[in-house]
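2 protein chains.
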Amino acid sequence: MEQEFLHWLRQESNDNTDEVIVGIGDDGAVLKSSNRDLVIVTDTIAEGTHFVLPANLAERRCMLPSIGRKSLAVNLSDIAAMGAEPHAATLNFQCPRTFDLQTVRRLYKGCTNIAKQFGVKIVGGDTNTWDGPLVVSATVIGSRANGQSGWLLTDAVPGDAILVSGEFGGSIHGRHLTFDPRLKLAQHLVSNFRVHAATDASDSLTADLMAIATSSNVQMELNLAAIPISKDVEETESQKRIAAACQDGEDFELIFTVNEAIATKILADATLPTPVTRIGTVIAGPPQLVTIKGKLIPVIGYQH
Amino acid sequence: MEQEFLHWLRQESNDNTDEVIVGIGDDGAVLKSSNRDLVIVTDTIAEGTHFVLPANLAERRCMLPSIGRKSLAVNLSDIAAMGAEPHAATLNFQCPRTFDLQTVRRLYKGCTNIAKQFGVKIVGGDTNTWDGPLVVSATVIGSRANGQSGWLLTDAVPGDAILVSGEFGGSIHGRHLTFDPRLKLAQHLVSNFRVHAATDASDSLTADLMAIATSSNVQMELNLAAIPISKDVEETESQKRIAAACQDGEDFELIFTVNEAIATKILADATLPTPVTRIGTVIAGPPQLVTIKGKLIPVIGYQH
Numbered sequence: 001m002e003q004e005f006l007h008w009l010r011q012e013s014n015d016n017t018d019e020v021i022v023g024i025g026d027d028g029a030v031l032k033s034s035n036r037d038l039v040i041v042t043d044t045i046a047e048g049t050h051f052v053l054p055a056n057l058a059e060r061r062c063m064l065p066s067i068g069r070k071s072l073a074v075n076l077s078d079i080a081a082m083g084a085e086p087h088a089a090t091l092n093f094q095c096p097r098t099f100d101l102q103t104v105r106r107l108y109k110g111c112t113n114i115a116k117q118f119g120v121k122i123v124g125g126d127t128n129t130w131d132g133p134l135v136v137s138a139t140v141i142g143s144r145a146n147g148q149s150g151w152l153l154t155d156a157v158p159g160d161a162i163l164v165s166g167e168f169g170g171s172i173h174g175r176h177l178t179f180d181p182r183l184k185l186a187q188h189l190v191s192n193f194r195v196h197a198a199t200d201a202s203d204s205l206t207a208d209l210m211a212i213a214t215s216s217n218v219q220m221e222l223n224l225a226a227i228p229i230s231k232d233v234e235e236t237e238s239q240k241r242i243a244a245a246c247q248d249g250e251d252f253e254l255i256f257t258v259n260e261a262i263a264t265k266i267l268a269d270a271t272l273p274t275p276v277t278r279i280g281t282v283i284a285g286p287p288q289l290v291t292i293k294g295k296l297i298p299v300i301g302y303q304h
Numbered sequence: 001m002e003q004e005f006l007h008w009l010r011q012e013s014n015d016n017t018d019e020v021i022v023g024i025g026d027d028g029a030v031l032k033s034s035n036r037d038l039v040i041v042t043d044t045i046a047e048g049t050h051f052v053l054p055a056n057l058a059e060r061r062c063m064l065p066s067i068g069r070k071s072l073a074v075n076l077s078d079i080a081a082m083g084a085e086p087h088a089a090t091l092n093f094q095c096p097r098t099f100d101l102q103t104v105r106r107l108y109k110g111c112t113n114i115a116k117q118f119g120v121k122i123v124g125g126d127t128n129t130w131d132g133p134l135v136v137s138a139t140v141i142g143s144r145a146n147g148q149s150g151w152l153l154t155d156a157v158p159g160d161a162i163l164v165s166g167e168f169g170g171s172i173h174g175r176h177l178t179f180d181p182r183l184k185l186a187q188h189l190v191s192n193f194r195v196h197a198a199t200d201a202s203d204s205l206t207a208d209l210m211a212i213a214t215s216s217n218v219q220m221e222l223n224l225a226a227i228p229i230s231k232d233v234e235e236t237e238s239q240k241r242i243a244a245a246c247q248d249g250e251d252f253e254l255i256f257t258v259n260e261a262i263a264t265k266i267l268a269d270a271t272l273p274t275p276v277t278r279i280g281t282v283i284a285g286p287p288q289l290v291t292i293k294g295k296l297i298p299v300i301g302y303q304h
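Read top to bottom, the protein sequences are chains A and B. Read in the numbering used here, the first sequence has 294 at position 294, and its numbers run on one by one without any break. Read in the numbering used here, the second sequence has 241 at position 241, and its numbers run on one by one without any break.
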């Protein structure tokens, strides 16, 4: 449903103006501004969809800072995937009526901790209690250099190397709450290398690669054996381990494409703040994922 | 609870830097920017709290554009109350699983219509379905002149006239969904007059006047007979009509203070895009609302 809806949204939207450099459909929006362009990202996490709160009150309290942290972290991951730096955030909490002030504070504490870690100012928000489950919406405002090229879903070209940061799979065992958004790596790349397409792996490695393939109208040839698999993947059989890395969601690693010469330089760069691995090559062809033997790779991941 | 929480938030927050001109606690945040300062506002409306969806499917469909419209309108009202112009918006929908694509489109259509009306670009968002009720979070990015003075809750001074736009009371009968945010009036005031404190009447006339009184540490002397009462107020008895105007929420009119000389000019201005009425005077004293005879006026309105 999301793709169809996004397509309709783009037609319906009024963002086709000089002021809006990037509108609906990428990891974030880019607005023209006099000094640096503005980058705006927004994401909601909801109880039952993006996290489960334990029924036990003490366990629930214990988990709330992680939920607050995640609400900002997913947005900071989008900022990284736009090749931008974050500045300010707003937070909207819809809290169950059972939450007292102490409980809301624990939630908020998780937000302020990660905000401080990444130099983001929390500048506003809205806190309500209601009869429903916990919902946290966060919006982050960042910036990138005027007219910065690349970093969009649409920017992959045949011949590009496909690179990823970190490792994939099994984030459900805890990493989906504790991951560090790849802001440092993104800034390192912006400063030193020309990046073509970029996104972050939120839905799954295959789903987010497919988003680049579709938006750029290219094919992705993947060397499945090269995909870095997280120690969080509990499977032992090789095929199942690769499937977990390809299909599990919420890794929040960077996925990006660069030309061959740049790829060689990046892979030789000893100062990268996060390890980067090459997992394939962008080739001409209808938007799909294939193995190096040309076999179709199923796209499986979180469906909105 | 909100005041206590906001107090804690302000201590906890890290927004005390040169970059953040106005942080948590006002209608919006102001960030320093090279050309015009950025203004960021955010607000969530939730089923059961801010609106009720009819159980009947046809009636529900019919109402959805109004809900979408309101989600942006409440934020545009905050932009007006900051003396700012809106530019871009992001929208986050948490939709009940019963919503099909057609239903989500109706909701969104209400957003795009008001966005076009006020020249706002919808640049991003997030749409999820879940088992809970409908929640819409919107964030609007606007701007105001570098270093623009006034328009904050803290800017009222003794001797100021208290002015309001439009009429108050009975918005629950429909106006809470159809109101026009006072952006034109705000821009007219910014261009022509020096405004001290300003806010919009969302919780109630008395609750939002009290917010200015508390933040500015002043007393508000109100001429109750001067308060413009909406035709939507169904009470017939004079006292009850005034009470409705003072205590009903969601009027989304501007409440602002200016010095006496400016007040005279504004009230004589035949080009005001919305009628403005003087309802009282800011005086020295502990933060409370009093009648012209010095009697305490109860502060009643929506409690977060």
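Among the clues, some could well be false.
Here chain A is said to cover these stretches of chain B; the calculated rule only asks that three of the stretch's residues, wherever they fall, bring their Cβ under 8 Å from a Cβ of chain A [to be verified]:
no.: 1; stretch: 34 to 41
no.: 2; stretch: 126 to 133
no.: 3; stretch: 220 to 234
Worth flagging that the hints you see were computed from the coordinates, not collected in a lab. Every residue gets a Cβ at the ideal spot worked out from N, C-alpha and C, and that includes glycine.
>> Taking the earlier hints as the rules, which of them does this structure contradict?
In response: Hint check: 3 fails alone, others pass.
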